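Q: Residue numbers (the working numbering), protein chains in the order written: chain A, 1 to 185; chain B, 1 to 538; chain C, 1 to 279.
Simulated from the structure, these hints should not be mistaken for lab results. Errors might be hidden in some of the hints.
[What the hints assert, rightly or not] Sample of chain C residues at the chain B side, in silico, Cβ under 10 Å:
id: 1; residue: Val27
id: 2; residue: Arg105
id: 3; residue: Glu199
id: 4; residue: Ser218
id: 5; residue: Ile222
[What the hints assert, rightly or not] According to the in silico footprint, chain B covers these stretches of chain A (three or more CB under 8 Å from chain B):
id: 6; region: 72-85
id: 7; region: 91-102
Fair warning: this is a prediction, and the values are worked out from it, not measured in the lab. Ideal Cβ placement from N, Cα and C applies to all residues, glycine included.
As a plain string of letters, each chain reads:
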Amino acid sequence: MTEIHQELHERRILGTELLWAFGVGVLIAAILSMIVFTALSIGVNPPSNVERLDPKALHLSGEFAEDNLGTSVGSDGRVVVRVIATQFAFLPRCIPVPVGRPVTLRFVAPDVLHGLLISGTNVNTMVVPGYVAQVHTEFTRTGDLLMPCHEYCGLGHSEMWATVQVLPENQFQPDSNGRVSCAQR
Amino acid sequence: MHSVKRLCLAHFWVAFAFFAAACAIGTWQMWVRSPLGASVGTPGQYYMLVTAHGVALAFVLTTFFIMGFGYFVATTALDRQLPGKAWAWGAYWLAVVGVVVAFAPIMNGQASVLYTFYPPLTGSAWFYIGLVLLVVASWIWAVLMMVAMTAWKRENPGRPVPLAMFATVANAVMWLWTTVGVAVQLLFQVIPAALGLVHTIDVGLSRTLFSWTLHAIVYFWLIPAYIAFYTMVPRAAGGRLYSDTMGRLTFILFLVYSLPVGLHHLLMDPEHGNATKFIQVVLTAFVSVPTLLTIFTITASLEIAGRLRGGRGPFGWIATLPWDRPMVLATGLSFVMLGFGGFGGLINMGYGMNAMVHNTSWVTAHFHLIFGGSVVIMYFAICYEIWPRLTGREHPTLSLLRLQLWSWFVGMMVMTLPWHWLGLQGQWRRVANFNYADPIIAGWGPWVIVSLIGGIILLASALLFLRNLAVLHRGAVLAVARPLYAIAVHPPQRVPAVLNSFGLWNVLVLVLMLVAYGLPIAQFLIEPSPSAIVHRMR
Amino acid sequence: MSDSHETPSIDRRLLDQPWRFWSTVAVAGTLLGGIILGALIIPVVQGRSAGLDAYTAICRALGILPGSPAQPQPSDRVQRTPVSQVVWTSELLHILARADPARGRTKALESCAACHGETGIAVAPDVPHLAGQSGPAIYKQLSDYRTGSRAHDLMAGIARALDETALADIAAYYAGRPMRNPNPATLAPAPAEIITLVELGDPRRGIPPCASCHRAGSGGPIETPVLAEQRDEYFIQQINLYASGQRRNDLYARMRTIAAQLTPSEIAGLAAYYRAGFR
């Protein structure tokens with residue numbers, strides 16, 4: 001091969017690579033567009049909240065004092081669930097929620113890192129001491145769901161789980177204070 | 001070889017001794033958490049051994065292997081003496097001391113905090129101090145790699161640095177950037193807490209600093225596999241490297257894009273805003289570029305080899321490739337695992353889909369498949385290729401080598417495919433024993449047992465690997481003088497200075513890190529997280 | 001070779017220029033695109049549909065204000081009754097770490113030794129041993145007696161008479177008393193189901209292993225007491241108080257939820273297990 005041929009051939013090789021790189025670019029653009037599209041159309045966001053709360057004094061915070069935990073329905077009809085994730089249990093251990101209504105879940109940890117998911121749903125967040133972890137969701141099917149701690153929190157991590165009871169509207173009955181308890185089965 | 005043989009072998013044998021032990025531990029863990037071993041072992045033992053498994057594989061196997069391989073490349077690709085060989089031995093012993101100091105508390109149950117640390121839980125301070133020593137040793141290695149390249153460039157002005165060495169130095173530079181995050185976390189937060197000097201800790205800052213390291217460290221582990229793809233595979237297959245320029249670009253992209261993306265490990269965390277997460281998700285998307293470029297370039301290189309061997313038609317060249325050679329076979333198997341693992345990674349990347357799989361077995365499956373599968377199988381292939389050069393003896397038979405590679409591939413697939421499925425079902429991570437009485441969990445039992453079978457195959461394969469290397473230490477010595485490194489279709493005569501050095505790329509890394517990690521870190525300096533109580537485990 | 005000696009710098013700069021230019025453009029473009037989409041367009045559009053102004057939505061996306069740019073933020077500022085007033089601040093933990101056992105001994109001889117013994121070995125069956133107990137655990141209970149979070153007429157009076165430093169010193173004194181370290185195997189049998197409960201817990205009932213908090217150095221909650229060598233009468237009494245909800249100064253109901261699920265035979269078995277000195 002002469003030098004000019006060589007250079008032409010080398011350019012052709014580079015050309016095929018650039019073509020491939022263009023395809024890669026299209027793939028990346030497609031994936032990112034999907035993320036942007038779901039963010040703009042249905043408000044999909046990661047569970048960011050950046051709400052600081054002293055983990056050492058949660059029991060004095062009012063909102064996360066023991067008798068304010070669990071499911072409550074505000075005067076505006078909003079369902080808010082407040083849960084403590086501690087070594088090695090969730091408080092409360094059973095969480096009632098209504099089916100087909102927006103629910104805001106708020107979690108805090110007083111001690112170490114925790115995390116949770118609710119099986120069969122997209123509810124998934126870390127619970128970092130110092131912050132309120134918050135997830136907005138809507139449950140679509142009734143039934144009992146498993147809510148395990150999914151982040152290593154110490155030697156009792158494997159036994160840390162709670163139950164989420166997704167109730168039909170007629171069984172989701174707030175008392176006079178707007179509080180709801182799990183149905184006894 | 002310029003007499004670094006003993007140095008390389010010393011590194012490799014530490015790496016693979018810990019590797020084999022970690023495989024045995026991993027198999028035990030899978031037994032304990034399966035329905036078959038429900039009442040075996042206590043959580044204390046389980047998490048102690050999870051920590052040992054993670055530290056042995058993620059820190060010991062990788063660091064020692066990469067250091068040893070770096071010394072090998074620096075002397076063979078540059079064909080000159082290793083400058084500062086005494087320093088290299090010093091770094092080796094420092095690393096060995098570090099590993100001993102770290103493992104003493106682990107095996108004593110005083111550091112069951114897993115290899116990813118999780119403050120405000122803290123273990124014995126010696127655990128962290130040992131790991132710091134290991135990192136310091138690797139810094140010495142990184143500097144030696146840069147010194148070796150600089151010395152070569154001085155002797156060969158204007159000539160392109162051989163690709164294998166260019167890539168090794170790219171990895172060394174990246175490693176220096178990478179370890180900044182974890183070093184700051186350990187020295188300023190975790191070690192003072194473990195020593196009892198402070199009693200509370202900013203967990204948000206701590207997680208953010210660790211995330212700085214957490215993604216790029218995976219690329220540190222992965223680059224030796226890519227060095228093999230670019231510089232050894234084309235020669236082993238009997239062909240040429242399709243494009244040397246693409247090789248350089250790939251390693252540069254690894255350096256630039258693997259750092260400012262660590263926040264995607266915190267997508268489900270509450271302490272960062274949506275916007276900063278989004279920016280890093282965009283950057284994360286670009287991390288797939290070097291891998292996708294590599295798949296194209298290496299496939300093209302293999303096609304050249306296949307056609308030279310008489311392959312015809314669009315796919316005929318695949319059949320004519322020398323699949324009996326370990327390096328070629330490993331590459332094929334590695335690509336298959338990379339395909340599955342890469343797909344899993346794309347799912348993890350978007351925060352919408354990540355919510356489905358975060359901290360489930362899906363993630364465990366993903367990194368076992370990518371690192372334990374596609375990367376470690378290339379570590380095997382590299383060893384099979386260079387061991388004859390280190391010991392001066394040829395493999396008595398290749399069939400046991402092929403059996404070992406195949407069994408590793410089969411074991412990894414059998415282990416990780418059920419994990420992906422279980423992760424989608426919501427099986428969560430880091431659990432010592434599942435409650436198989438629960439109807440949801442009971443359905444997982446059979447799949448957990450299938451993955452345990454995969455683990456047993458992997459353990460057998462790991463032991464066969466040690467055997468395949470060990471036999472090369474006995475018998476008559478023969479000089480091995482086959483060429484190792486591949487030549488490009490168009491060997492570079494002159495390359496732009498930016499493709500022959502790292503100045504520009506370091507500036508771009510700095511800019512990217514300032515933008516990507518500026519606000520995420522500054523927010524804790526402006527308004528620290530309310531501090532959490534240190535929980536000491538010892 | 002010769003021409004590269006003559007014009008290396010100009011030549012290489014020319015070769016370099018497009019690389020420098022395009023790589024900078026690519027990186028800057030990526031960053032700019034990410035910032036405009038992530039910090040501007042997405043939050044503003046999301047905020048509009050959630051009824052938030054653009055400024056609030058952007059601040060939320062950046063993490064300057066709490067909440068999601070796509071959702072209204074719930075509020076709840078009701079004052080409730082806490083089950084304990086103790087807050088493990090960094091300052092308090094420093095006080096505990098620097099507490100003086102010698103000062104504590106003087107105070108303990110005045111106020112505590114009559115019931116709990118000079119060496120922390122109590123005589124009466126309903127009085128706990130304190131020898132080798134964890135310092136933060138002793139401090140927490142004294143503090144709760146003082147604030148009334150844990151009810152006990154006598155202890156409330158004693159604790160109210162002491163200041164915070166005195167509580168910390170007394171805690172340090174008893175924490176430093178040696179335990180008796182008997183050979184537990186000779187004192188009591190350890191039935192398999194009790195060992196299982198201590199080591200593995202019961203995942204079906206969501207009971208974590210006792211050892212995951214109560215074994216020294218397990219990394220559990222800081223105020224967790226040591227149970228080894230504790231007297232069985234006191235152990236059973238307190239578990240029953242937790243189970244019935246009469247005692248409720250355990251933060252986040254950590255013990256109440258567990259105690260309520262234990263059977264009487266399990267409680268007795270655990271009491272004997274710990275009484276014998278198992279850890």
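Q: Do at least three Cβ atoms from the region 91-102 of chain A come closer than 8 Å to Cβ atoms of chain B?
A: With 0 residues close enough to chain B, the hint is violated.
Q: Mind checking the CB of Ile222 (chain C) against every CB in chain B and telling me if the closest is under 10 Å?
A: Interface hint status for Ile222 (chain C): holds (6 Å vs cutoff 10 Å).
Q: Does Glu199 (chain C) meet its interface restraint, that is, does its C-beta lie within less than 10 Å of any C-beta in chain B?
A: holds (4 Å)
Q: State whether the coverage of the region 72-85 of chain A by chain B holds or is violated, taking the criterion as 3 or more residues with Cβ-Cβ distances under 8 Å.
A: Three-residue rule not met by the region 72-85 of chain A, so violated; n is 0.
Q: For the restraint on Ser218 (chain C), tell me whether the closest CB of chain B is nearer than 10 Å.
A: Constraint on Ser218 (chain C) satisfied, holds at 7 Å.
Q: So, Arg105 (chain C) near chain B? Judge it on the closest CB pair being under 10 Å.
A: Hint violated; Arg105 (chain C) Cβ to chain B Cβ min 23 Å, cut 10 Å.
Q: Is the hint on Val27 (chain C) kept, meaning its closest Cβ partner in chain B is under 10 Å away?
A: holds (5 Å)
Hints 2, 6 and 7 from the earlier list are contradicted by this structure; the remaining hints agree with it.
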